[in-house]
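Peer 1: So the chains spell out like this:
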Amino acid sequence: MHHLWLIPAFPLAGFLVNGIAGRRLPKALVNTFAIGSVLLSFLWVLKVLADLQPLEAAYTERYFTWIRSGIVNVGFDFMVDRLTAVMLLVVTGIGLLIHIYSVGYMAHEAGYDRFFAFLNLFMFFMLVLVLAANYLVLFIGWEGVGLCSYLLIGFYYLKKSATDAGKKAFVVNRVGDLGFSLGMFLTLLTFGSLDFAAVFGKAQAEASALNPQTVTLICLLLLVGATGKSAQVPLYVWLPDAMEGPTPVSALIHAATMVTAGVYMVARSAPLYNLSPTAMEVVAIVGLLTAVLAATIGMTQYDIKKVFAYSTVSQLGYMFLGLGVGAYSAAVFHIMTHAFFKALLFLGAGSVIHALSGEQDLRMMGGLRSKIPVTFTVLLAAAVAIAGVPPFSGFHSKDAILLAAHAHAPWMFWVGVATAAMTAFYVFRAIFLCFFGTYRGDAHPHESPLVMTLPLGVLALLSLAGGYFNVPHYLAPLFGGEHAPHDETLVYASVAAGLAGIGLAWLCYVAAPGLPERFSQMLGGLYRLVYNKYYVDEMYDAVIVHPIRDGSRALLWGVVDARLVDGAVNGAGALAKAVGAGLRQMQSGYIRRYAAWVVLGSVAIVAAAAFWGGMR
Amino acid sequence: MPDLTHVLAAQVPLSWYLILSVILFVIGAAGFLIRRNILTVFMCIELMLNAVNLSFLSFSHQLKNVDGHIYSFFVMVVAAAEAAVGLAIILTVFKNRATLEIDEVSSLKL
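Note that the protein sequences, when read in sequence, are chains D and P. Under this note's numbering, the first residue of the first sequence carries the number 1262, and numbering increases by one thereafter. Under this note's numbering, the first residue of the second sequence carries the number 817, and numbering increases by one thereafter.
Treat the hints with caution; some may be incorrect.
Cβ pair distances, simulated, as ranges [to be verified]:
{"id": "1", "chain 1": "P", "residue 1": "Lys911", "chain 2": "D", "residue 2": "Ile1852", "range": "14 to 20 Å"}
{"id": "2", "chain 1": "D", "residue 1": "Ala1835", "chain 2": "P", "residue 2": "Met892", "range": "33 to 39 Å"}
{"id": "3", "chain 1": "D", "residue 1": "Ala1835", "chain 2": "P", "residue 2": "Pro829", "range": "55 to 61 Å"}
{"id": "4", "chain 1": "P", "residue 1": "Ala896", "chain 2": "D", "residue 2": "Ala1835", "range": "46 to 52 Å"}
Looking from chain P toward chain D, a few residues come up when the C-beta cut is under 8 Å (computed) [claimed, not checked]:
{"id": "5", "residue": "Ala845"}
{"id": "6", "residue": "Phe848"}
{"id": "7", "residue": "Leu849"}
{"id": "8", "residue": "Ile918"}
{"id": "9", "residue": "Asp919"}
{"id": "10", "residue": "Ser922"}
{"id": "11", "residue": "Ser923"}
{"id": "12", "residue": "Leu924"}
{"id": "13", "residue": "Lys925"}
Quick caveat, the hints were computed from the structure, so don't treat them as lab data. Glycine included, every Cβ here is placed at the ideal spot set by N, Cα and C.
Let's have the full structure, built from the sequences with the hints guiding it.
Peer 2: Written out as structure tokens, the structure is:
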């Protein structure tokens, strides 16, 4: 026994302490419990993984039977294999850094203990999610992180836009979860189990006996769940709004960990997806579409967090592209490097926002390079990493995905390269707008405290050097040899695209600041379309939200509730009242009338008895 | 000398007693419903009770069974108690309302 359950148990304990007593504890103690629990969890992960190396086969711990009924037999089991190991390290490692950073970022916020309690709860559910040994336990974590996401997006619950964004995230994720649930039911029906080992074992052993359409359907339903959680087309709309939450939350939940749960789940289900080329193709196309769509939107936004949010959506699209072309290990690799540089981008943005006392608009920044040099340096590190400049981390993982895409279908590679150019452009656009030129705002920028810059420094190192963790090699036994032939020309093409994007951003926002203005005017309608995010939110509002709301109001409220339900309830009351009013007439107070009722009653009883022969 | 009770029993059939009982009961019931004086109503109740007593005793005699006697004793005991309570109520009503009109006492209602 390696006591895997301790890994999520530490943050749960932290949540319970801070959630129950945090309000009465001093801040230092809240910090100790919140960070300490995650630190213990991280250390326990290290210990378990060190003990389990080389971890060639999955290690499973079975705790108890959770559900046993007919064909449903689900145990509460945790397991660790190499995929889990990577995820565990990312979740606890990045989680720890972000917890430390939050101490500085949230220092002056109300609801300090509540924030850390939710953050710990999130860690608990996320660790359950990655440790799960079957789909149902995974689903506990899946729903739990969704709950924490909702709670933390709406952290500033007095702000209507924040609570609305939380609600939107929750509702949109319900759509995905419906697909995920249906996928689980179908898995249970087809394979008679939800256990990963059992399902995948059966899928591989009886591949020829399975109905390929059933497998495709399972994969597509699971994909629906993944598109909800991992913000893919068509369910990505909640993620940009989720930036209403505090910035560490954006970094931890909505960039580094939770949103990669969908990618993790699909990678985990790789043996199923391998049986269905159709589903794989759909995954790749959804990913590619998302990557392009979000990257174009990202190029036009002015809210620094929105830019990075669309960047996250776009990068998640990359991961799905990787999954779809069969490069599972490259996708997981990108989960890791993306966790490094995107967490850093968000935390750096948080540091900028912190420095400017809450300003998020890029147009109100500028020239901050000399005022907050540490933040500038680390953000630059993150930017070169995400832009795919060699030899930094993003270059390695993105190239692994793009090469695999080229081996699958060359056009996917070229679209991916174009997206890489856009990625480099929007990130450096944000950097240049923020740190170059002259300062356009009126706050007094100040560098963040050490407790914030220290995690930033660690993340910067990871962003720069994280590409040398050879994750694809480590995961190769799990996903098989999937290495695309290494083609120098293709690598040059994608690097050139990234550098071109950076150069264009330099041209537009440093060398010739008037250029973007002229450019957007030239494009006119197209620019407005992209700037307004393709009017997708408006379209969803018009096609889905309004019909449901108006229909509910008119039919469900107006007719069913107000007429039918209220009618039945009020009718029952009115009936009792009417009967009572009738019967009340009998109680007149006149004794002789009572006697008459008695006489009448006895006569009636005797008559009835005589009539039906009761007296015989 | 012949046993008088046997002679009477032989000569007066059960139905006569029952008819008498019914007549008494109906008189009582009708009086209860029609008369307004509380005392008269009260007497009507006594009449009904005793009509029932008469039928109990007749059946008891006819069936050679003492159950009816026992029941009539019960009825008499209850009637005595009821008379005591009833007369007390009537007295109190008269003191308060200065009337024996039964329909004047009708405030106990919803």
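Peer 1: Looking back at the hints listed earlier, which ones does the structure fail to meet?
Peer 2: 2
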